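S.K.: Residue numbers (the UniProt record's numbering), protein chains in the order written: chain A, 1 to 537; chain W, 1 to 280; chain S, 1 to 325.
Quick caveat, the hints were computed from the structure, so don't treat them as lab data. Model, not experiment: these values are computed from the prediction. Backbone N, C-alpha and C fix where the C-beta goes; we use that ideal spot for every residue, glycine too. Check before you lean on any hint, since a few could be wrong.
To be verified - Covered stretches of chain W, going by a simulated chain A footprint (3 or more residues, C-beta under 8 Å): (1) 38–46; (2) 164–173.
As the list claims (entries may be wrong) - Label pairs and their calculated CB-CB ranges: (3) GLU126/A - GLY104/W: 53 to 59 Å; (4) LEU79/W - VAL174/S: 55 to 61 Å; (5) VAL309/S - GLU126/A: 55 to 61 Å; (6) GLY104/W - GLY391/A: 26 to 32 Å; (7) ARG121/A - PRO131/S: 36 to 42 Å; (8) SER51/W - TRP162/S: 55 to 61 Å; (9) VAL309/S - PHE418/A: 48 to 54 Å.
What the hints assert, rightly or not - Straight-line alpha carbon distances no greater than 30 Å define the calculated BS3-like cross-link-like pairs of lysine-lysine that follow: (10) LYS515/A - LYS194/A; (11) LYS32/A - LYS145/A; (12) LYS13/S - LYS83/A; (13) LYS130/A - LYS64/A; (14) LYS277/A - LYS165/W; (15) LYS83/A - LYS71/S; (16) LYS83/A - LYS234/S; (17) LYS64/A - LYS13/S; (18) LYS130/A - LYS32/A; (19) LYS129/A - LYS145/A; (20) LYS512/A - LYS243/A; (21) LYS129/A - LYS234/S; (22) LYS83/A - LYS145/A; (23) LYS173/A - LYS130/A; (24) LYS234/S - LYS130/A; (25) LYS179/W - LYS361/A; (26) LYS130/S - LYS194/A.
Letter by letter, the chains look like this.
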Amino acid sequence: MSTLAIEHLTIGLPEGADRPFAVEDVSMTIDKGQILCVVGESGSGKSMTANALMGLLPRGVTVKAGHAMFEGRDVLRLPEAEKMALRGAQVAMIFQEPMTALNPLMRIGDQIAEVFAAHDRFTQAERRKKALDLIREVQLPDPEKIIRAYPFQLSGGQRQRAMIAMALALEPKLLIADEPTTALDVTTQAQILKLILDLRDRRGMAVMFITHDFGVVAEIADEVIVMREGRVVERGTAAAVLKYPQHDYTRRLLDAIPTGMLPEQRALSETPALEIKGLRKIYRTGGGFFREAREVRAVDDVSLTVARGEVLGLVGESGSGKSTLGRTAVRLVTPDGGQVLVGGVDLAALPEEELRTQRHKVQMIFQDPYASLNPRQRILGAITDGPIARGTPRREAEERAKELLEVVGLGADAASRFPHEFSGGQRQRIGIARALAMDPELIIADEAVSALDVSIQAQVLDLLRDLRERMGLSILFITHDLRVAAQLCDRIAVMQRGKLVEIGPVHDIFLKPQKDYTKQLLAAVPGSDWEQRNESA
Amino acid sequence: MSFWTRFRTNIGAMVGVVLLIAVIAIAVFAPLIFANDPWQMVQRPFLPPFSREDLLLGTDTLGRDVAAQLAYGARVSLLVGLVSTLVALLIGVPLGALAGFYGGLVDEGAMRFTEFFQTIPNFALAIVLVAIFEPTLSSITLAIAIVSWPPVARLVRAEVMSVRKREFVDAAMLAGLTKRRILVRQVLPNTLSPIIVMASLMVATAILLESSLSFLGLGDPNAMSWGYMIGAARTVIRSAWWLSFFPGVAIIITVLALNLIGEGLNDALNPHLSRRKGRA
Amino acid sequence: MSVLAIIVSRLAKAALTLLAIAVLNFCLLHAAPGDPAVVLAGEAGAADEQMIAQLRERFGLDQPFGVQLWKYVSGVAMLDLGYSFRQGAPVIDLIADRLPATLLLTGVAFVISLVCGIALGVAAAARVGKPQDSLLTTFALLFYATPLYWAALMAVLVFSVWLGWLPGFGYETVGAGYTGWARVIDIAKHLVLPALTLGLFFMAVYMRMTRASMLEVSNADFVKTGRAKGLSDKVIRRRHILRNAILPVVTLAGLQAGQLIGGAVLTETVFAWPGIGRLMFESLAARDYNTILGVFLVSAAMVILFNIVTDIVYRLVDPRIGARA
Numbered sequence: 001m002s003t004l005a006i007e008h009l010t011i012g013l014p015e016g017a018d019r020p021f022a023v024e025d026v027s028m029t030i031d032k033g034q035i036l037c038v039v040g041e042s043g044s045g046k047s048m049t050a051n052a053l054m055g056l057l058p059r060g061v062t063v064k065a066g067h068a069m070f071e072g073r074d075v076l077r078l079p080e081a082e083k084m085a086l087r088g089a090q091v092a093m094i095f096q097e098p099m100t101a102l103n104p105l106m107r108i109g110d111q112i113a114e115v116f117a118a119h120d121r122f123t124q125a126e127r128r129k130k131a132l133d134l135i136r137e138v139q140l141p142d143p144e145k146i147i148r149a150y151p152f153q154l155s156g157g158q159r160q161r162a163m164i165a166m167a168l169a170l171e172p173k174l175l176i177a178d179e180p181t182t183a184l185d186v187t188t189q190a191q192i193l194k195l196i197l198d199l200r201d202r203r204g205m206a207v208m209f210i211t212h213d214f215g216v217v218a219e220i221a222d223e224v225i226v227m228r229e230g231r232v233v234e235r236g237t238a239a240a241v242l243k244y245p246q247h248d249y250t251r252r253l254l255d256a257i258p259t260g261m262l263p264e265q266r267a268l269s270e271t272p273a274l275e276i277k278g279l280r281k282i283y284r285t286g287g288g289f290f291r292e293a294r295e296v297r298a299v300d301d302v303s304l305t306v307a308r309g310e311v312l313g314l315v316g317e318s319g320s321g322k323s324t325l326g327r328t329a330v331r332l333v334t335p336d337g338g339q340v341l342v343g344g345v346d347l348a349a350l351p352e353e354e355l356r357t358q359r360h361k362v363q364m365i366f367q368d369p370y371a372s373l374n375p376r377q378r379i380l381g382a383i384t385d386g387p388i389a390r391g392t393p394r395r396e397a398e399e400r401a402k403e404l405l406e407v408v409g410l411g412a413d414a415a416s417r418f419p420h421e422f423s424g425g426q427r428q429r430i431g432i433a434r435a436l437a438m439d440p441e442l443i444i445a446d447e448a449v450s451a452l453d454v455s456i457q458a459q460v461l462d463l464l465r466d467l468r469e470r471m472g473l474s475i476l477f478i479t480h481d482l483r484v485a486a487q488l489c490d491r492i493a494v495m496q497r498g499k500l501v502e503i504g505p506v507h508d509i510f511l512k513p514q515k516d517y518t519k520q521l522l523a524a525v526p527g528s529d530w531e532q533r534n535e536s537a
Numbered sequence: 001m002s003f004w005t006r007f008r009t010n011i012g013a014m015v016g017v018v019l020l021i022a023v024i025a026i027a028v029f030a031p032l033i034f035a036n037d038p039w040q041m042v043q044r045p046f047l048p049p050f051s052r053e054d055l056l057l058g059t060d061t062l063g064r065d066v067a068a069q070l071a072y073g074a075r076v077s078l079l080v081g082l083v084s085t086l087v088a089l090l091i092g093v094p095l096g097a098l099a100g101f102y103g104g105l106v107d108e109g110a111m112r113f114t115e116f117f118q119t120i121p122n123f124a125l126a127i128v129l130v131a132i133f134e135p136t137l138s139s140i141t142l143a144i145a146i147v148s149w150p151p152v153a154r155l156v157r158a159e160v161m162s163v164r165k166r167e168f169v170d171a172a173m174l175a176g177l178t179k180r181r182i183l184v185r186q187v188l189p190n191t192l193s194p195i196i197v198m199a200s201l202m203v204a205t206a207i208l209l210e211s212s213l214s215f216l217g218l219g220d221p222n223a224m225s226w227g228y229m230i231g232a233a234r235t236v237i238r239s240a241w242w243l244s245f246f247p248g249v250a251i252i253i254t255v256l257a258l259n260l261i262g263e264g265l266n267d268a269l270n271p272h273l274s275r276r277k278g279r280a
Numbered sequence: 001m002s003v004l005a006i007i008v009s010r011l012a013k014a015a016l017t018l019l020a021i022a023v024l025n026f027c028l029l030h031a032a033p034g035d036p037a038v039v040l041a042g043e044a045g046a047a048d049e050q051m052i053a054q055l056r057e058r059f060g061l062d063q064p065f066g067v068q069l070w071k072y073v074s075g076v077a078m079l080d081l082g083y084s085f086r087q088g089a090p091v092i093d094l095i096a097d098r099l100p101a102t103l104l105l106t107g108v109a110f111v112i113s114l115v116c117g118i119a120l121g122v123a124a125a126a127r128v129g130k131p132q133d134s135l136l137t138t139f140a141l142l143f144y145a146t147p148l149y150w151a152a153l154m155a156v157l158v159f160s161v162w163l164g165w166l167p168g169f170g171y172e173t174v175g176a177g178y179t180g181w182a183r184v185i186d187i188a189k190h191l192v193l194p195a196l197t198l199g200l201f202f203m204a205v206y207m208r209m210t211r212a213s214m215l216e217v218s219n220a221d222f223v224k225t226g227r228a229k230g231l232s233d234k235v236i237r238r239r240h241i242l243r244n245a246i247l248p249v250v251t252l253a254g255l256q257a258g259q260l261i262g263g264a265v266l267t268e269t270v271f272a273w274p275g276i277g278r279l280m281f282e283s284l285a286a287r288d289y290n291t292i293l294g295v296f297l298v299s300a301a302m303v304i305l306f307n308i309v310t311d312i313v314y315r316l317v318d319p320r321i322g323a324r325a
């Protein structure tokens, strides 16, 4: 018998929402010891389904129809007191944001022990011992210390482990994991995924794993359900869905994430568009009357070159210094040492006034589509501000702006509208048009597709690839996602803790990595095994 | 939903608007509504309210028309409240904006300065300033402005710092715009909503401050004000309670109206903060 | 950073602030219209030529500005706040005499307003959108708009004049000769109306802050975690929301202590409460600038001291602060 059986679940949204139902006629079952991945993009209703099971739906959102049978009872229709007894004991849940999911003012040990207290289990001393055991089980270092620590003293990955410890406290039969690794670095993600697999094997619990990432699916799923706009569009075993997707949407999602097929190598020009020599940036924090300063070498003696017409991928985990490098290259950050040469001019050494006249040479595409456009400025203004400041006549600048909006696939009439009228993907296109309007010698794309859903991501990457061909753009493409880098880049540079670890043609980095860190990074990419299988097939 | 729809459907805010319009109308048309000069003796002193039709709220210790005094007092309250708020904004907004935008030493200096003024008990400072520089409408207004600008500077600094971190500001830098132009054209417009909300609440606080100063005898001797009326009637409260009562009600109504409007503006300008909405 | 180090650094900063206020005071005295000697003498009445000349010499008013400033500031550092010619006593003695009454009044008002404000704010937040919440927020809005001194006058009128329940003037019954507990009870009776009317406005402030803070924290992710653990709403509110929500309220309340002192000037004036606020009011009428500025300096010192205490309490309660610094 299955642990959980959801039948024809329909969840209604409050009036005025963009659609009447968050989830419509969804059915699924999870067996003991099985991991079911629910896959979908934002707004697909995957999280709502989980929240409905836990009785954690936001105000105004209600279950309209259907059942969810768990241990012979319909959890959707239990009285509140019984739901409470069920939560944390029989069904446990972990969330996406480990940074905010723990109470900042309460020790980790107390937060774990609280689960026992809520369900009236064990004595005080036993609770402490059990908490220690759990911390050990999720492989957190130095349990005695962790139990007394506050959340802010733990890293993101450690906090997620603490959350898992809490969820496992009363040996639930079902664990619901809502994008638990999305906010983590790849290597940490790989460790957490492994932990969940181990725990499933050891405890034989059923896991409902919600994700948007087919790579993660490939790593841990037994069964897969694909959701789109509140409906199930595809279901089956992981192997079947990944290899032989039936529905168009699934196929698009799968196509959208790189398959490990590397792009063909192109001949690169000899002339450099950007030369970085011995670049250094040190951040000093604190430092005051009674404090000693701490130094972080964000960029530590890095040299690299981007050839004209080349796309150089700069990859690394958070804190590797890749973004600082990018911001230093456009002189949003002034380096402590080294040179940034663009067309023979050292941007790093220019005084403020002169710099302003040289700014146009390097432009940037930003990460957050919602923060990169001024909400109070029309699109036309956003694109023409720069050229006009450079002395282009207004009329000419406006003509060009409209042309560029066509080029990025938005149409000239977008010019007169405000940013809030556009979706995230469209805003990124506007950002690209804005960068192109300056006729830059180099574009730096800082995590430019990271905030987008996979299918939108693919479209923006297509656009960049197309522009690269048509306009011979040189791009420094900064990303944490190796799979994305593989799709677009000619060469890859890997950074770790401020240092350049390895740089080389994309084929060499992916197929013959030289450095251990690069190998680790590649191994941690979710679905990497499956990619290789796919490649050989 | 647009700003206006949200503001219009807020009952409290609409009540506030109606009350404020009424107070403003009375202040503006005081000479038309009341034939009596607020300083002139028109009847016997201590005439209780509602005893004569032409002197609805009675007379004060010197036989002056209380209703007319209230109407003229509204002028002083509104004027001082509005002007002192504008002056406080003129000090606080540039200071906060420069501190938040340029950071570093500018920020350090500006914030030390602001902190200093915030540590000083503000009402006590206002008393000292008005006492030393002789109470006139302008010294009172200036004193109130001087004690009210620090929260503005802090708010603007925080807002500018948060907007400054957003990527469109980086984009404007890369477009080669000057820093001053970025601050004025790109950053400041995005800090407008909280400044407007704060300003409306500041007018209310300024009115309370002005009335408190006048109550202590630090009002402009040439301007009739609500606080002065209450202060003058304080000693006769046992026999003529209405002389203290009505001006107090006038202050409450005006301040309440402004607070209601401020809250309405806050709800309408920052909908995501005030109302919980279901989202898919 | 240890608590001791924090105290030392904060005290150093406080000394600097007080120094700045002393300089400000000096400048104000000199900016006042008229001859500084006459200003200092205030309306001491006599103000004859000889006395003015004496004053000029005593305060070195014929010496260069810098010397005068140094004399004044070093005097303040030695707790010499000048002489009140009106009252015929050193200002510091006058203030020392009146300070306990003010500390009692503001202390009690602060505790009442904070405790009641937080309790009502929590109650309102727990019933958000229900009639009780609307009622509480409406009352808070009303108190928030009520001038302190007017509330005090009305309280005197109703509870003292009309109902005769509580004394409306003074600190204790003059000439009753109470001692021991009887005196304590007598003072407590006199304290009720001033403390309540002074606390009412601040209660409204703290209630609104607490309510807003509770609602904000109740949207935090860790609240959802708590529910996922199977905790009851009551436990979540008490153990998770409350502590996180109250911290900012208490900090803000600490920062607002200065306003409480300002309010005390008004309350003490209405209730003839013999504190430094009343002293300031009396000095206003007498144009006794030395006393006014002395009270101003002392009240600023009180606020600074109180801020330091709040800051340290905050550091002890919030584990994140100590580590971050």
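S.K.: Would you mind marking each hint as holding or not holding in the structure?
M.R.: Structure-based check of all given hints:
| no. | hint | verdict |
| --- | --- | --- |
| 1 | 38–46 | violated (count 0) |
| 2 | 164–173 | holds (count 7) |
| 3 | GLU126/A - GLY104/W: 53 to 59 Å | holds (55 Å) |
| 4 | LEU79/W - VAL174/S: 55 to 61 Å | violated (43 Å) |
| 5 | VAL309/S - GLU126/A: 55 to 61 Å | violated (40 Å) |
| 6 | GLY104/W - GLY391/A: 26 to 32 Å | holds (31 Å) |
| 7 | ARG121/A - PRO131/S: 36 to 42 Å | holds (39 Å) |
| 8 | SER51/W - TRP162/S: 55 to 61 Å | violated (21 Å) |
| 9 | VAL309/S - PHE418/A: 48 to 54 Å | holds (49 Å) |
| 10 | LYS515/A - LYS194/A | holds (23 Å) |
| 11 | LYS32/A - LYS145/A | violated (34 Å) |
| 12 | LYS13/S - LYS83/A | violated (54 Å) |
| 13 | LYS130/A - LYS64/A | violated (40 Å) |
| 14 | LYS277/A - LYS165/W | holds (28 Å) |
| 15 | LYS83/A - LYS71/S | violated (75 Å) |
| 16 | LYS83/A - LYS234/S | holds (15 Å) |
| 17 | LYS64/A - LYS13/S | violated (62 Å) |
| 18 | LYS130/A - LYS32/A | holds (24 Å) |
| 19 | LYS129/A - LYS145/A | holds (13 Å) |
| 20 | LYS512/A - LYS243/A | holds (26 Å) |
| 21 | LYS129/A - LYS234/S | holds (26 Å) |
| 22 | LYS83/A - LYS145/A | violated (34 Å) |
| 23 | LYS173/A - LYS130/A | holds (18 Å) |
| 24 | LYS234/S - LYS130/A | holds (25 Å) |
| 25 | LYS179/W - LYS361/A | holds (19 Å) |
| 26 | LYS130/S - LYS194/A | violated (48 Å) |
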